[in-house]
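S.K.: Sequence:
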Amino acid sequence: MVLRVDHVCKEYRGGVRANDDISIRVNAGQVYGLLGHNGAGKTTLVNQVAGLIRPTSGTIRIGDGDPVADPGFAHRVCSVQPQAQVPLMGVTPRQAITLVARIRGAGRAEAAAATQRLLEALDITEWADTPAERLSGGVRRLAAYCLAAVRPGQVIVLDEPSNDVDPVRRRLLWQQVRSLADDGAAVLLVTHNLTEVERILDRLSVLAHGRVVAEGTVADLRAGAGPALRLDVGLSAGSDEPAPPPFAG
Numbered sequence: 198m199v200l201r202v203d204h205v206c207k208e209y210r211g212g213v214r215a216n217d218d219i220s221i222r223v224n225a226g227q228v229y230g231l232l233g234h235n236g237a238g239k240t241t242l243v244n245q246v247a248g249l250i251r252p253t254s255g256t257i258r259i260g261d262g263d264p265v266a267d268p269g270f271a272h273r274v275c276s277v278q279p280q281a282q283v284p285l286m287g288v289t290p291r292q293a294i295t296l297v298a299r300i301r302g303a304g305r306a307e308a309a310a311a312t313q314r315l316l317e318a319l320d321i322t323e324w325a326d327t328p329a330e331r332l333s334g335g336v337r338r339l340a341a342y343c344l345a346a347v348r349p350g351q352v353i354v355l356d357e358p359s360n361d362v363d364p365v366r367r368r369l370l371w372q373q374v375r376s377l378a379d380d381g382a383a384v385l386l387v388t389h390n391l392t393e394v395e396r397i398l399d400r401l402s403v404l405a406h407g408r409v410v411a412e413g414t415v416a417d418l419r420a421g422a423g424p425a426l427r428l429d430v431g432l433s434a435g436s437d438e439p440a441p442p443p444f445a446g
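If you read the sequence shown in the numbering used here, its first letter stands for residue 198, the second for the next number, and so on.
Incorrect hints may have been included.
Stated by the list, open to error - Beta-carbon label-pair distances, calculated as ranges:
no., residue 1, residue 2, range
1, 258, 327, 36 to 42 Å
2, 365, 262, 23 to 29 Å
3, 415, 225, 30 to 36 Å
4, 313, 256, 37 to 43 Å
5, 204, 395, 28 to 34 Å
6, 310, 224, 25 to 31 Å
7, 262, 214, 23 to 29 Å
8, 305, 396, 32 to 38 Å
9, 258, 323, 24 to 30 Å
10, 365, 399, 33 to 39 Å
11, 375, 270, 25 to 31 Å
12, 328, 203, 43 to 49 Å
13, 415, 327, 16 to 22 Å
14, 375, 211, 36 to 42 Å
Derived from the structure by calculation, the hints contain no laboratory data.
Note that the Cβ used here is the ideal one computed from N, Cα and C, for glycine as well.
Could you build all of it, start to finish, from the sequences and the hints given here?
M.R.: Written out as structure tokens, the structure reads:
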């Protein structure tokens with residue numbers, strides 16, 4: 198077991214509970230997902246795991262360490278891709294990724310090689326040496342993933358990593374996330390993408406209003422949903438996904 202979250206609550210002023218008695222377990226070699234509506238408490242939870250927010254009550258353990266009592270420990274053993282775009286102003290993706298690898302202990306040659314591998318794996322070498330101010334949102338998002346993955350810790354927190362990423366590179370990203378777990382990391386991933394859920398998650402928790410309302414494998418939750426099937430089809434403005442075919446009358 199790598200990550201243990203036990204009965205964690207986070208309460209803000211006014212009695213609002215962003216997290217309400219949440220318990221999860223994430224093993225080494227596992228991609229564990231957090232799903233839920235906007236405001237369900239997903240980002241609040243992962244920020245506590247990463248030592249960025251203190252819980253009101255409950256405990257969090259990474260191995261034998263306590264990221265609540267020792268945020269510095271959390272920063273050493275966790276790698277984090279936040280929900281918001283990482284500010285990369287004034288640097289190129291290659292410079293930023295290599296610098297993070299060096300800060301996290303990689304030698305010069307190792308950092309350069311690891312950076313190049315990620316750039317190639319995600320098919321963004323074309324923009325590797327482009328100033329960040331001129332990058333698209335999707336490339337910036339992939340570069341932010343590389344910052345978390347170039348020298349990963351025991352626990353890797355990815356908060357909606359595929360946002361703004363085009364369909365082709367999204368699949369490349371999923372392969373890289375899966376490989377992090379296959380290499381022994383515990384990956385905690387926040388997502389709204391159901392294809393992402395099907396492709397890479399080993400287990401997941403569904404959150405609603407700060408509480409876990411369902412937990413298990415994708416197959417477990419699908420089996421527990423009963424025989425009803427609901428299909429929602431729609432495209433947002435400017436979507437690059439192909440339009441669905443019309444239904445026969």
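S.K.: Hint by hint, which ones does this structure get wrong, listed from lowest number up?
M.R.: Violated: hints 2, 3, 9, 10 and 13.
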